[in-house]
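Participant: Each chain, letter by letter, is given below.
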Amino acid sequence: MSALAQVGYVARRSIVRTSRQPANIIFPFVFPTALLAVTSAGLSPATRIPGFPSKSFLAFFLAFPFIQGALFATMNAGTDLARDIQSGFLNRLALTPLRGGALIVGQLGGIAVLAFVQNCYYLTVGLIAGVRLESGIVGGIVLIILATGVAIAFGALGAFFALRTGSGEAVQGLFPLLFVGLFLSSMNLPRNLIEQDWFRTVATFNPISYLIEGLRSLIITGWNWEALGLAFGFAALLAGAAMVLANWALQLRLTRT
Amino acid sequence: MAQAHGIEAEGLVRTFKGDITAVDGIDLSVEPGEIYGFLGPNGAGKSTTVHMLTTLLPPTSGTGRVAGFDIVKEGPKVRSAIGAALQEAALDNLLTGREHLRLQCALHGISRAERKVRAQELLERVGLTLAADRKVGGYSGGMKRRLDLALALAHRPTILFLDEPTTGLDVQSRSALWGEVARLAREDGVTVFLTTQYLEEADALADRVGIIDHGHIVAEGTPAELKAQIGRPTVEAIPADGATPEAVSRIMEQFGEPTGGSAKGVAVRLEHGVQDLAGIVRALDAEGIKLENLALHAPSLDDVFLAKTGRSLEGAAEEEEAEVEA
Numbered sequence: 001m002s003a004l005a006q007v008g009y010v011a012r013r014s015i016v017r018t019s020r021q022p023a024n025i026i027f028p029f030v031f032p033t034a035l036l037a038v039t040s041a042g043l044s045p046a047t048r049i050p051g052f053p054s055k056s057f058l059a060f061f062l063a064f065p066f067i068q069g070a071l072f073a074t075m076n077a078g079t080d081l082a083r084d085i086q087s088g089f090l091n092r093l094a095l096t097p098l099r100g101g102a103l104i105v106g107q108l109g110g111i112a113v114l115a116f117v118q119n120c121y122y123l124t125v126g127l128i129a130g131v132r133l134e135s136g137i138v139g140g141i142v143l144i145i146l147a148t149g150v151a152i153a154f155g156a157l158g159a160f161f162a163l164r165t166g167s168g169e170a171v172q173g174l175f176p177l178l179f180v181g182l183f184l185s186s187m188n189l190p191r192n193l194i195e196q197d198w199f200r201t202v203a204t205f206n207p208i209s210y211l212i213e214g215l216r217s218l219i220i221t222g223w224n225w226e227a228l229g230l231a232f233g234f235a236a237l238l239a240g241a242a243m244v245l246a247n248w249a250l251q252l253r254l255t256r257t
Numbered sequence: 258m259a260q261a262h263g264i265e266a267e268g269l270v271r272t273f274k275g276d277i278t279a280v281d282g283i284d285l286s287v288e289p290g291e292i293y294g295f296l297g298p299n300g301a302g303k304s305t306t307v308h309m310l311t312t313l314l315p316p317t318s319g320t321g322r323v324a325g326f327d328i329v330k331e332g333p334k335v336r337s338a339i340g341a342a343l344q345e346a347a348l349d350n351l352l353t354g355r356e357h358l359r360l361q362c363a364l365h366g367i368s369r370a371e372r373k374v375r376a377q378e379l380l381e382r383v384g385l386t387l388a389a390d391r392k393v394g395g396y397s398g399g400m401k402r403r404l405d406l407a408l409a410l411a412h413r414p415t416i417l418f419l420d421e422p423t424t425g426l427d428v429q430s431r432s433a434l435w436g437e438v439a440r441l442a443r444e445d446g447v448t449v450f451l452t453t454q455y456l457e458e459a460d461a462l463a464d465r466v467g468i469i470d471h472g473h474i475v476a477e478g479t480p481a482e483l484k485a486q487i488g489r490p491t492v493e494a495i496p497a498d499g500a501t502p503e504a505v506s507r508i509m510e511q512f513g514e515p516t517g518g519s520a521k522g523v524a525v526r527l528e529h530g531v532q533d534l535a536g537i538v539r540a541l542d543a544e545g546i547k548l549e550n551l552a553l554h555a556p557s558l559d560d561v562f563l564a565k566t567g568r569s570l571e572g573a574a575e576e577e578e579a580e581v582e583a
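Top to bottom, those sequences are chains A and B.
Those letters in the first sequence? Residues 1 to 257, per the numbering used here, in order.
Those letters in the second sequence? Residues 258 to 583, per the numbering used here, in order.
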């Protein structure tokens, strides 16, 4: 049986599981859009700051739900895998010819499908609220591809944590940590407008800033190749590193001969 | 050619961090088509042995062959020949029984058309057709165990490992599962390696029994052979009100040596076996001694465990639990 077929079976299970857990669907759809509405209403005067890159704070902030949705993907991928470890389901899978890599990729395949649907929803909400995509329709497609890639990267990180700790609680503990990382980025303001030196420094070294800026560039700037390159680069780097780590953790956990 | 082979292990050892030796040099030989009962209390090393034989855990030392394949060097071949239902019914509460079976069949490379037929066939076999499309989260313990067994059989394995398959089940579910396991061995020729802490389960199902304690096999043989090692049955008489235990004891001791009985009773191990029973009844009657109860105890596997380890199986389980809690 091909590895691709195995990935398909695991991904299908992941999608079925997610579709049967309303909380895993409702929260990633409701919370990011609610925060988008509240924050853009509350911080809209920020657009009057000289040098602010957009006249619409909603357009500026629209990148946020894509990243927050990706953080939910971390938790979903991780807790699902942790549950499989705790329940012994991983051992059941280990007794089949399933390849370790196919398990991780399949799990992430399910996350990617959910993330794709989420991202289409966030973009639609933004467009309905009046945001105009400066990069056009193609930019919208690239935005969804990039955001889905970011979700896969974060999902792989969640899978790594689950495989290393074997605990759903530990994975859930990762969520607030990443959320702090999100707040310590250029989420609310462009980095050049952050006046606190320490905050600007943290945001500059924070890879999440570049993920947000890449997504944001497609919405408010158009085709900014540098921002896009950095965003795709960091997403690929994060995804690659997390996949390697997840695979390593799986090898440690699956001691099958 | 896997059918020509059963399970063999030589000097199997598994140690864990902290210098804990869970399995300490086990030798095993299970013939094809045989039901082998692996009996022991919690923490005796049963599950660790199963994990090694099913390739989920590499042994620290020793060798093992399952279905003719080396458990260390030929893990994938071993896995393709075996089915396993491990200690906890590892199921996904969000999937239905049918979805579980189709996924299991798919991962074993069974074609889409055959998958559908096989899933239905197995659901019928374990009596889950009506619940097939319900989520497993709503299944009872017995239903989960039956589904677990069906999953282990999805790819038609020649060797089946069942790790405490009836723990926590009610009598009816237990009996149904025993029936299916016995049928698998008798009709389909499946070799069954069954771990249990229930004496009656090993007694009812197993062709041969290995008794494990503290990582060692302390006794092995057919249930009849093991009981025969312990020897003759015992009989216990409980005097009715008014009869003196001393008088009962004096008569009973003519038929065998005294053994520990209940607080109110007098027990002896019969010198000539069951045939002494009639003599005891006649002798007691001749003395006019009335009894509240007279019971014959055939040797049980618990007697075997007691004789080999100095503890009863039930006591050993409690001891292990106390050790774990400490």
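In case anyone wonders, no lab produced these hints; they're calculated from the structure.
Please note that a few of the clues may not be correct.
A few chain A residues that don't get close to chain B, going by computed Cβ distances all over 10 Å [what the hints assert, rightly or not]:
| no. | residue |
| --- | --- |
| 1 | Arg17 |
| 2 | Val30 |
| 3 | Asp84 |
| 4 | Gly149 |
| 5 | Leu177 |
| 6 | Asn192 |
| 7 | Glu195 |
| 8 | Val202 |
| 9 | Leu245 |
Each pair of labels, with its calculated beta carbon distance range [to be verified]:
| no. | chain 1 | residue 1 | chain 2 | residue 2 | range |
| --- | --- | --- | --- | --- | --- |
| 10 | A | Glu169 | B | Asn350 | 44 to 52 Å |
| 11 | B | Lys330 | A | Gly88 | 24 to 32 Å |
| 12 | A | Trp248 | B | Glu378 | 36 to 44 Å |
| 13 | B | Asp445 | A | Gly88 | 23 to 31 Å |
| 14 | B | Gln486 | A | Ser87 | 53 to 61 Å |
| 15 | A | Ser167 | B | Glu444 | 52 to 60 Å |
| 16 | B | Asp390 | A | Val117 | 21 to 29 Å |
| 17 | A | Phe31 | B | Gly366 | 40 to 48 Å |
Note that CB positions come from ideal geometry on N, CA and C, so glycine has one too.
Participant: Would you say leucine 245 of chain A is clear of chain B, with no C-beta pair closer than or equal to 10 Å?
Facilitator: holds (23 Å)
Participant: Going by Cβ atoms, does asparagine 192 of chain A stay more than 10 Å from chain B at every point?
Facilitator: holds (47 Å)
Participant: So the hint says 21 to 29 Å: do the beta-carbon atoms of aspartate 390 of chain B and valine 117 of chain A match that?
Facilitator: Between aspartate 390 of chain B and valine 117 of chain A, where Cβ atoms are some 25 Å apart, the hint holds.
Participant: Hey, is glycine 149 of chain A genuinely clear of chain B, shortest beta carbon separation above 10 Å?
Facilitator: holds (27 Å)
Participant: Using Cβ atoms and 10 Å as the threshold, tell me whether valine 30 of chain A really stays out of contact range of chain B.
Facilitator: holds (21 Å)
Participant: In terms of Cβ atoms, is chain B entirely out of 10 Å range of glutamate 195 of chain A?
Facilitator: Per Cβ check, glutamate 195 of chain A is outside 10 Å of chain B; nearest 49 Å; holds.
Participant: Given the range 52 to 60 Å, decide if the beta-carbon distance of serine 167 of chain A to glutamate 444 of chain B lies inside it.
Facilitator: Check failed, 44 Å falls outside 52 to 60 Å.
Participant: Checking a non-interface call: every C-beta of chain B should be farther than 10 Å from the C-beta of aspartate 84 of chain A. Is that right?
Facilitator: Aspartate 84 of chain A is in fact no farther than 10 Å from some Cβ atom of chain B, at 8 Å.
Participant: Checking a non-interface call: every C-beta of chain B should be farther than 10 Å from the C-beta of valine 202 of chain A. Is that right?
Facilitator: With a cut-off of 10 Å, valine 202 of chain A remains clear of chain B, as the shortest Cβ separation is near 39 Å.
Participant: I want to verify a distance hint. Is the separation of the beta carbons of tryptophan 248 of chain A and glutamate 378 of chain B within 36 to 44 Å?
Facilitator: Given a distance of about 40 Å, which is inside 36 to 44 Å, the answer is holds.
Participant: Compute the least Cβ-Cβ separation between arginine 17 of chain A and chain B, then decide whether it is above 10 Å.
Facilitator: Not fine: 5 Å to the nearest Cβ puts arginine 17 of chain A too close to chain B.
Participant: Do the beta carbons of glutamine 486 of chain B and serine 87 of chain A sit within 53 to 61 Å of each other?
Facilitator: The hinted range 53 to 61 Å is violated for glutamine 486 of chain B and serine 87 of chain A, with Cβ atoms some 41 Å apart.
In the structure shown, a violation is registered for the earlier hints numbered 1, 3, 10, 14 and 15, in ascending order.
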